[in-house]
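Working from the sequences, and respecting the hints, build out all of it.
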Amino acid sequence: MKKAVIIGAGMTPVGEHWKLSLRDLAVEALLKAMDDAGVDKVDSLYVGNMVSGPFVEQENLGALIADWAGLGNIPAVKIEAACASGGAAVQEGVKAVLSGLEDVVAVVGVEKMTDAWPSDATRYLAYAADAEWELFHGASFVALNALIMRHYMKTYGYTEEDLALFAVNAHANGAKNPYAMFKRPIKVETVLKSPYIADPLKLFDASPVCDGAAAVIITTPEKAEELGVPKEKWVEVAGMARAIDTINLANREDLLTLKAAKIAAEKAYKMAGVEPKDIDFFEVHDAFTVMAALSLEALGVAKKGEGAKLAKEGQIAIDADYPIQTMGGLKARGHPVGATGVYQTVEAVLQLRGEAPNQVPDAEVGLTQNIGGTGSNITVSIFRRV
Amino acid sequence: MSRPMQVSRYWRHFREKYRLIGGKCENGHVFFPYRGVCPVCGSKNVEEYEFSGRGKVLTWTIVRNPPSGFEYYKPYPLALVQLEEGPVVLAQLTDVDPEEIHEGMEVEAVTRKVREFEEDGIILYAYKFRPVLK
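Keeping their order, the protein sequence lines are chains U and D.
Numbering of the first sequence is given in this note's numbering, commencing with residue 1 and proceeding in unit increments.
Numbering of the second sequence is given in this note's numbering, commencing with residue 1001 and proceeding in unit increments.
Possibly wrong hints are sitting among the right ones.
Claimed, not checked - To give an idea of the interface, some chain U residues facing chain D are shown, with a C-beta separation under 8 Å as derived from the structure: (1) ARG123; (2) ARG150; (3) ASP199.
What the hints contain is simulated information worked out from the structure, not anything from laboratory work.
Glycine included, each C-beta is placed from N, C-alpha and C at the ideal position.
Following this line, the structure appears as structure tokens:
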């Protein structure tokens, strides 16, 4: 079977980019990735984006971004899977390369969220929920996650303080990432003192509304060699899978199991030939602190109900057994929704190349997990140093 | 600010939203809302099934930063209610002091206004759940 390698990565800082548009951000990240790979043309472009239509009245992002980046008349499409759009776009890019139909593929994830009023942004994000049976009743995305958070705490006896540890860890790492939105460490008290936005979920349990773009260039080892890309730059896509679950939270078999993540992770581990203990770092989807806990459980790193225990035992820090969010996670790096999965990929690439600001010593294998909806559409990808 | 373009989008769901009608498949699985394919076994032999409207609060929250269109109602309680027949449904709680809400609280469905669309817009009604009247 063919193999796919990432040979270039680029990103913009995550933040409130008042002076930059969606296309500015996407083109900047894309050109940086192409420059990093040393290529001036690609065979196709996949754009990870969630809600550009409502946010900036722009769809057809494939044509927009390929056109403005000067890529010529190549095939280019937008891939949408809610907040997992970025992860899905990377996987579609990899599939294109593995199929043999395209040799050099560009993937860019982009989201421009700060051009909308906050309450409209809250509405647009909830489009990833079930419009008729969730948003209709006034459910925001935060509220749906708050329902899960309360149930998690109640079922396993955790406190708001326990879950706050995930935010503290993310900020400690984000503080050293020049591309992160929040570059300052926080304490548990900071989280606890922040206002409730949907009880028991507080402002600091949640990732921010922000703008950003990230991009990668994918090809085969043979083509990478032909292009003269030095091997130190290659990162192999060792395993990947994705799965869906009910879109409506109320219809879940079990509110506290990210079944889609579990299914995707099992397939990805098998494809890569690794187990959770072989993974050197995890970029999980901590859009809300409780999601970090549930993700660790679904990925087989912690037993069911023990995800938050891992944080309490100090096992998620850079120098611990299961480092997560090494670049700040969604909480501190920021969560430009449709771009997040590509940011995670870029961060995995930097770790595996040994270029990360919070370098995990001798990192050889890393995992990214990208959640769309309240767990309804999830991607898991495993990357390996070549 | 989004506006409803078609009233039909809302009246399509009157049976579910006014009468809490879901589905029951040939193998006895009940679910809400109604759909033509059983989400449990995949059977396409499905009949309408009317729920009693009684249930218990499974988990709940207070929405303080609502999506646009719901600002007028904030803060409002939102819950996942487990119906006595089994399925779980998401809805707002009404006629309740937020301090009194707790997991396991017995509730019953009532019809209430959910949202208005500006001055000349339509008004949406649906189920909300209130504490069971003794």
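Proposed interface contact between U/ARG123 and chain D, which counts if any beta carbon pair is under 8 Å: Hint holds; U/ARG123 Cβ to chain D Cβ min 4 Å, cut 8 Å.
Interface hint compliance - U/ASP199 to chain D, C-beta minimum distance less than 8 Å: Hint on U/ASP199: holds, closest Cβ of chain D at ~5 Å, below 8 Å.
Closest C-beta approach of U/ARG150 to chain D relative to 8 Å, hint status: 5 Å, holds
The structure fails none of the hints (numbered hints given earlier).
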